[in-house]
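Trainee: Given the coordinates of chain A, work out where chain B should sit on it, guided by the hints.
So the chains spell out like this:
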Amino acid sequence: MTTATDTLPPGFGEPDAEDLRQADLPPVMPVAIVTLALIVSGGIVVAAQYGRIAHLTIPTVLLGLAAVLLLVNAVLIARIKAFAWPVFFRVLGWAMLAYAVIAGILEYVFVYDHTPARLLALFTAMLVLFATDVPLMLSYSVARWQPLDAT
Amino acid sequence: MTDTAVEHVVHGEAPPAGEPASTPPPGAGGHGPPPVPNFNIVPVRALPIVAVVLIGLVVAISTNNLWALTFFHVAGGGLWTSLDLFLGLVLGPIMGSMTIPARVEFTTKFMPKMLLIMPTLVAMTLGAGFQLARHVGNLEATYPHHGWIVASMVIVGVMSVIALGLLEPANLAVLFELKKPRPNGERIGRLMKVFIYTAGITGLMQIATILIMTFLASR
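Listed in order, the protein sequences are those of chains A and B.
Take any residue in the first sequence, note its place counting from 1, add 8, and you have its number in the working numbering.
Take any residue in the second sequence, note its place counting from 1, add 12, and you have its number in the working numbering.
So that you can see chain A by itself, here it is in the shape it has in the complex:
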């Protein structure tokens, strides 16, 4: 993208209170992105075996790792002292609703296709993690830049 710094008014680029708070925040986004990558990888491993006897060891391990990381992230977020919690929970709620619809459509496809029980259980667990991890990323990435008293 072409730079347009010549059009920026003086005073731009100076850190505000939210910028200064960033150093105290835990690495929630990298952990959440790795969690998502593990979920997606598990899904690809399962989908790649479609039509033959699926080996579920690798996707189950990936799913387990994703679940642990999601839990770690929840703890990391819960331990943050100075945070725009009302904004975080507001965005989390709406995003979870939206992603529940998306995950619901995917679950519907799997059920409709008569996915075998073990596979369906694995896919369902993946979708639950997916529909939790993405809203968590969205709500955290909004709340981290909001003033503490924002609602």
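Because the hints were derived from the structure by calculation, they are not lab data.
Zero decoy hints are in this set.
No farther apart than 35 Å at their CA atoms in a straight line, the calculated lysine-lysine pairs in the DSBU-like style are these:
| # | chain 1 | residue 1 | chain 2 | residue 2 |
| --- | --- | --- | --- | --- |
| 1 | B | K191 | B | K121 |
| 2 | A | K89 | B | K125 |
| 3 | A | K89 | B | K205 |
| 4 | B | K191 | B | K125 |
| 5 | B | K205 | B | K121 |
| 6 | B | K205 | B | K191 |
| 7 | B | K191 | A | K89 |
| 8 | B | K125 | B | K205 |
Mentor: Then chain B, alone, in the frame of chain A:
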């Protein structure tokens, strides 16, 4: 933009307590702070359109209608790719050369729409694509070009992680920043760069997917 549409202004600094939002930042040197038009983060009036598309997708999947599945997959994928490439390669450089007020006004009108358009297109493309591949037998491990199908899944997987982990959070963060009484223009610029660049990257990755898909369709 009319004066009544101006709700608040963009500043690079936190406001001193009690200072009105229209006061320029210290050292602004005569540059007026860019006005931010009033806007909704989620364009509620467009939600019925999203609902119609998603219901159509569910009907296409549940009826296994070949035309409907192909339509949702091809139309969704084509629009998704075009939008990503247009954003990253055309709109991004243009936005970078726009003045701050123009960029702010454009962002407030454009980003809320993207918040609905992109997830809808992704759901359309992937949902219909998976069912279509299953329906015509391309998903079977015995399919002669199964390796290419897995390759396309990997590309889509990487794109999904980029889109959901970087692009969408940046989109939402920009909108909430613009809703502040005194948004941080420098932060908006940084987040918009993330949005535009990641859209460009996913657009380029989409070309790889299209190459694979057209190859498979011609077999």
